[in-house]
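Asks: Sequence:
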Amino acid sequence: MLNWIKNTLKQKNSKTRVNKTGSSKKRASKKRAKSHKHPKSASGVARNKAVILSRGEHGISRDNIDDHALKVLYRLHKAGYQACLVGGAVRDLLLGITPKDFDVATDATPEEVNKLFRNCRLIGRRFRLAHVHFGRQIIEVATYRAAHESSQSGHQDETGRIVRDNVFGELADDVWRRDFTANALYYDISDFSVIDFVGGFEDIQRKRLHLIGDVETRYREDPVRMLRALRFSAKLGFEIDEESRSPIYSLGYLLEDIPAARLYEEVLKLFHSGHAVRSFELLQEFDLIKYLFPQAAKSIAQDESIRDMLNIAMRNTDDRIKKDMRVTPAFLFAALLWHPVNSRVKDLVDGGMPYSVAIQKVATKVLSQQSGSVSIPRRFTTTMRDIWGLQTRFHYRAGKRALAVLEHPKFRAGYDFLCIRAKSGETIADGDLKQDCQWWTDIQKQNTEQQKKALFSTSGKSKSGKAKRRRRSPAKKKAKDPES
14 MLNWIKNTLK QKNSKTRVNK TGSSKKRASK KRAKSHKHPK SASGVARNKA VILSRGEHGI
74 SRDNIDDHAL KVLYRLHKAG YQACLVGGAV RDLLLGITPK DFDVATDATP EEVNKLFRNC
134 RLIGRRFRLA HVHFGRQIIE VATYRAAHES SQSGHQDETG RIVRDNVFGE LADDVWRRDF
194 TANALYYDIS DFSVIDFVGG FEDIQRKRLH LIGDVETRYR EDPVRMLRAL RFSAKLGFEI
254 DEESRSPIYS LGYLLEDIPA ARLYEEVLKL FHSGHAVRSF ELLQEFDLIK YLFPQAAKSI
314 AQDESIRDML NIAMRNTDDR IKKDMRVTPA FLFAALLWHP VNSRVKDLVD GGMPYSVAIQ
374 KVATKVLSQQ SGSVSIPRRF TTTMRDIWGL QTRFHYRAGK RALAVLEHPK FRAGYDFLCI
434 RAKSGETIAD GDLKQDCQWW TDIQKQNTEQ QKKALFSTSG KSKSGKAKRR RRSPAKKKAK
494 DPES
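Note that my numbering numbers the sequence shown so that position 381 is 394, with each residue one more than the last.
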């Protein structure tokens, strides 16, 4: 009898453990059945059933999915949670593009994800996320979000912007929290299918960018979506449909309420995606440049030729990224703010202030004003100051001054900037930018000994190769006649 009771209790405890962790397949299938039957929007309006694309229909292969992302997906799945690859990774895989990032969505809470991975860190207050670290790589894991009208875990400010979004839900809820249909596809690791509630698969085939839900409401919830629309359009060559593009013209002012540090990150994505030229065109087309770089926008409005210089700078950055060369944010930011800086420096120099003093004084003021829109980190503003400060020093082609320029840590960035100014047709009163660019181009082709010989063999010449004037010794005062 005692043995029978022990065996019964043992079986009961075993069942309890299984139910607690859940049978992976059973729990996942129940979740999917519930999610796919009655999808609802944030307003609670029932939607059509999801379209489930089989492996043969969508063509995504696990061979093209990052190994670490697969590891996260499989561990969540084996623990009894639904786990899907989501967002840009699914979109890019469908387009035949290698994704830069692999994001995962799941019905596991951040705390549950944290328990599954020792290498996990929870981040964020506005959006609670789990970051699973594999060396320097991070796989971002987000819990499905739901509508939050009646919950304290979600909150909107007076403009409609979401300032907290930690209301967890199911996949069928989460899809309506996504921004664009092309980013709202879920690759389910349990059966390798793609789940599509919003027609995203068709929009990708048609290269169309469409915002999910009521467009104005979604832009108000997060105004950065306007910048994301421009970025995806530039990067993917997608056309923003009329319904999604029209409100951008009138809602751009909402970007003024976004923290300047967050806008810096978004601007960096726009300009360092390899499609800076097109991104810059779209920022001007939708009149958003004035909310990000108001001083640059004012300069462009006053002098159309400034646009040419900025386009050349953008193209230079795109070319370097395509060639897998190093780029620094300081370069494009220096270009965007060059004319506001240069025009003020000219006024101070004309008034008698030394250039080196004027450039630092103006740079401080311009950068301070810029920080109210897009906040540029100090490590880059320091480089920007160096780039600007080097420009007048490139007129020296001989002696120790020229050698100091050549050995400057930021010489290459300053030189590239000089040549962009020359290509744009910018003129200066005391020299020729094209000649300066060519001279510094030629001297870089020489070895160290040749460079020193070239710099010091013309020691009698100074600015732009012109002969130095000899300094006259001050006239000696005549001794006073003691008799006078």
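Calculated from the structure, these hints are not laboratory results.
Some clues are possibly wrong.
Claimed, not checked - Taking lysine-lysine and the BS3-like style, the derived pairs with C-alpha atoms no more than 30 Å apart in a straight line are:
| hint | residue 1 | residue 2 |
| --- | --- | --- |
| 1 | Lys423 | Lys378 |
| 2 | Lys336 | Lys359 |
| 3 | Lys311 | Lys359 |
| 4 | Lys303 | Lys359 |
| 5 | Lys303 | Lys413 |
Asks: For every hint, state whether the structure bears it out.
Replies: Each hint, compared with the structure:
For the given pair, Lys423 sits about 22 Å from Lys378 by alpha-carbon distance, which is consistent with the 30 Å threshold. Of the pairs offered as hints, the one joining Lys336 and Lys359 is violated, with about 37 Å between alpha carbons and a cut-off of 30 Å exceeded. Straight-line distance between C-alpha atoms of Lys311 and Lys359 comes to about 18 Å, which keeps the hinted pair within the 30 Å bound. For the proposed pair Lys303 and Lys359, the alpha carbon gap of about 24 Å is at most 30 Å, so the pair holds.
Pair hint Lys303 plus Lys413 does not hold up; C-alpha atoms about 42 Å apart against a cutoff of 30 Å.
In this structure, the earlier hints numbered 2, 5 are contradicted, and the remaining ones agree with it.
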